[in-house]
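Q: First to last, the protein sequences are chains V and R.
Numbering (the working numbering) for the first sequence: 1 to 116.
Numbering (the working numbering) for the second sequence: 1 to 110.
Just so you know, these hints were derived from the structure itself, not from any lab.
All C-beta atoms, glycine included, are put in the ideal place defined by N, C-alpha and C.
Across the chosen pairs, the derived CB separations fall in these ranges:
# : chain 1 : residue 1 : chain 2 : residue 2 : range
1 : V       : Phe66     : R       : Thr5      : 30 to 40 Å
2 : R       : Ala53     : V       : Glu14     : 47 to 57 Å
3 : V       : Pro96     : R       : Thr5      : 28 to 38 Å
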Amino acid sequence: GAGVSQTPSNKVTEKGKYVELRCDPISGHTALYWYRQSLGQGPEFLIYFQGTGAADDSGLPNDRFFAVRPEGSVSTLKIQRTERGDSAVYLCASSPIAARSYNEQFFGPGTRLTVL
Amino acid sequence: EDQVTQSPEALRLQEGESSSLNCSYTVSGLRGLFWYRQDPGKGPEFLFTLYSAGEEKEKERLKATLTKKESFLHITAPKPEDSATYLCAVHPIRDDKIIFGKGTRLHILP
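Isolated chain R (complex conformation):
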């Protein structure tokens, strides 16, 4: 069964304290892995798509990396406005549905 597991469930950091969020996945074949940001009361906002192991993408203080079993979202010197829930999702190669993890709630303290 295709699965996505994100850890930790919640993370509190001081402003400027770098860390990483983990997304472990099990799929029969991976078409793509996605990271989204979701603010309270809003729909998810697209951040990155990764397609193959070894791929990396960056956007401001965020960098996403991909291996054959997991992806990391690295956040460097975060600011309070980076506080949000970060969702990981996979698109299995065999069908059209997207499978989301439960997310990591990130809180950056000023």
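Bound conformation, chain V alone:
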């Protein structure tokens, strides 16, 4: 079956621009996570959705970052007024099990964001 997909695979933008990154989770997975990974670092938690609602958004670095999951499936991570420090690989993961009985997460290939 299809895994987690993310589009675009690469995004180059200019400082100050707005970007949207899309995640299509595995069908039926209720939990969805966004992470950011810089070179040589492990993934850094950004936000977790359980269904349509953001159950934990404490990892979002500031109010320029926002994520939605309106129908409980596809999610979009939105970054306003991009800065060079936002450059990283943005990873999405989904899980079939609610966080309270957490098990494995299935990761997408990531979107590499470069802010010039």
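Following the hints, complete the assembly by docking chain R onto the known chain V.
A: For chain R alone, kept in the frame of chain V given last:
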């Protein structure tokens, strides 16, 4: 503060040379500890979940173990295709976020 520290940062082994990767963690309470493999340009791939001290899990040449303060990923007679970055992550009992370590870059020489 919850933390995950992995060592070494990088490890080069000859094919067939067994070794262990370390993951030390500090959490107020542990819901689960996870090992992932990440190949260049790809997302992490799940390997193991460990829930309690003393637990062990195996998959092919890999075995993961857990104590109250650390986890080891033992690799036995590795092959070049085992070359990857191995990530350790913890799920604290008090919330829903997963905390990853920086990973160990493993390179197996043929």
